[in-house]
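Visitor: The chain contents come next:
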Amino acid sequence: MIRLPCPWCGARNVDEFAWHGEVAVRPDPASATRERWRAYLYLRDNPFGWVRETWYHRMGCERWLVVERHTGTGEVRTCVDGGERARPRRTDRADDGPATPAGPREVPT
Amino acid sequence: MTLPDRQHTRRRGTRRRLPGGRYSAAQLLRHGSTGRPWERAWREHDLAPSYDVVIIGGGVHGLATAYELAARHGITRVAVVDRGYLGGGGSGRNTAIVRANYLTPEGVRFYDRSLALYRQLARELNLNVMFSRRGHLTLAHSDSALRTMRWRAEVNKLEGVDSEVLDADEVARLVPGLDVSERPRFPVLGALYHPPGGVVRHDAVVWGYARAADGHGVHLHQGTEVTGIDVRDGRVRGVETTRGRIATERVVNCTAGWASLVAGMAGVELPIVTHPLQAAVTEPLRPFLHPVVVSGTLHVYLSQTDRGELVFGAATDPFASYSMRGSLGFAEGLASHVLELLPALAHVRLLRQWAGLCDVTPDFSPIMGTSPVEGFFCNVGWGTYGFKAAPAAGEAMATCVATGTPPPLIASFGLDRFADGRLVGERGAAAVGH
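Chains as they are written, first to last, in our numbering: chain A, 1 to 109; chain B, 1 to 434.
There are no misleading hints in this set.
Example chain B residues on the side facing chain A (calculated, C-beta under 7 Å, incomplete):
#, residue
1, S260
2, E269
3, I272
4, V273
5, T274
6, S321
7, Y322
8, S323
9, P362
10, F418
From chain A, some residues computed to sit far from chain B (all C-beta separations above 12 Å):
#, residue
11, P5
12, G10
13, V25
14, A30
15, S31
16, A32
17, R77
Hints were generated in silico from the structure; no laboratory data involved.
Beta carbons are placed, not taken as given, at the ideal position from N, Cα and C, and that holds for glycine.
Please construct the entire structure, taking both the sequences and the accompanying hints into account.
Guide: Right, dumping it as structure tokens:
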């Protein structure tokens, strides 16, 4: 069973969280090329290994979290509050900017 | 069932060329009475330095494609490479259900073709694949689900596929023990009934295709992992494996779970996210359940095998993962959902549970055909619907590889549909729990 170390609620069963997939920052719809927009919609790295993902603690603090997780072992390296920038569907002009953790400290697994 | 376009090519040459000869009642008697061991169903070969076609993935899709290439297109210098063993991935982990009651006309036509091929596969491959026509029920627990069932039934009928919406009483007559009262949180309001659906023994399909492909000269290489794909000037030149290099100009990606990683070796990006899907099987019970029963709302589907075990499948796990380990949370959730449907099963014990990997695409339809790299073909993105599609996918992909052009049956399923915005949305019919 995977447990996510929520920075606000402590380690909780993964069933409490909703998964939103790899961290993908929405390009500016006005200036993004067709290819860039398509990549944002459909293409993900889908790696076997470590991946940065957006999760939502729906049955807890209802905060957006950025989680580093291994897709082969289920191991969780970090789980930090993603703040406003982790929320999916937010327009962001900085294409490649990772979500800046705005919450408290990183909690070790 | 008549399949006029294949009748004239039927069993061309398979009679004498199968390893160990044709399986027959006389053979069974001879081996049974003398104790003479059976010959191995397929042979092992050294890796040849070059092949006309290299197929990555030794599951039903890879083997069906290899068989069709050799048997129907005369392309026999074909290698199927798999890093594990034949049928060890999704082909041996699915819940063996076949059906054609999809939502889009393209989907319905494609899966109907596959069902037609499954019906006669035992004769085609000279191996009993235990095709069992059971009827397939997709339960509706809400008005909106019932509307989707009606929609699917009408699309199916337009395409000549037998599907109909039943009310709760009719469903209860088909499934003894099903709770159709008002008691459950999600009462059964009706169901989409698809009489041609059923189950097939999935291992036998793998073995049948492997043996028949071997009989036509295809080389099956187990324990051979692809480590790289050599692409120069936009063309495939070869494949690097753990057993050495193979020169080839045509590679078919028939992997499940690993499709996006294999495609990445050729520089092809696939819109795929890999999710595990868990399944479980109970101890054997006396036969009581004839049809396959699916409930999207409760994230569960079940059928009874010929041995009496109940096979349960679920929705894909709600996050991406390559882990094939079962989880306790799954078993708990599954049990509670099954008991909502069939309360009498409360004391039945689970024997084992497992997981398989599903490559999920944005529109819940597969990706079949060519790719931006010349000579690199895709037969991937099979999510939770790969097993039921294998014979038709193998047939169509073989034509695609032999001629360089996808046949009309799969033309809508190309990788370019994501760039052009021509998605084939099967979300309402392809999976449970979405």
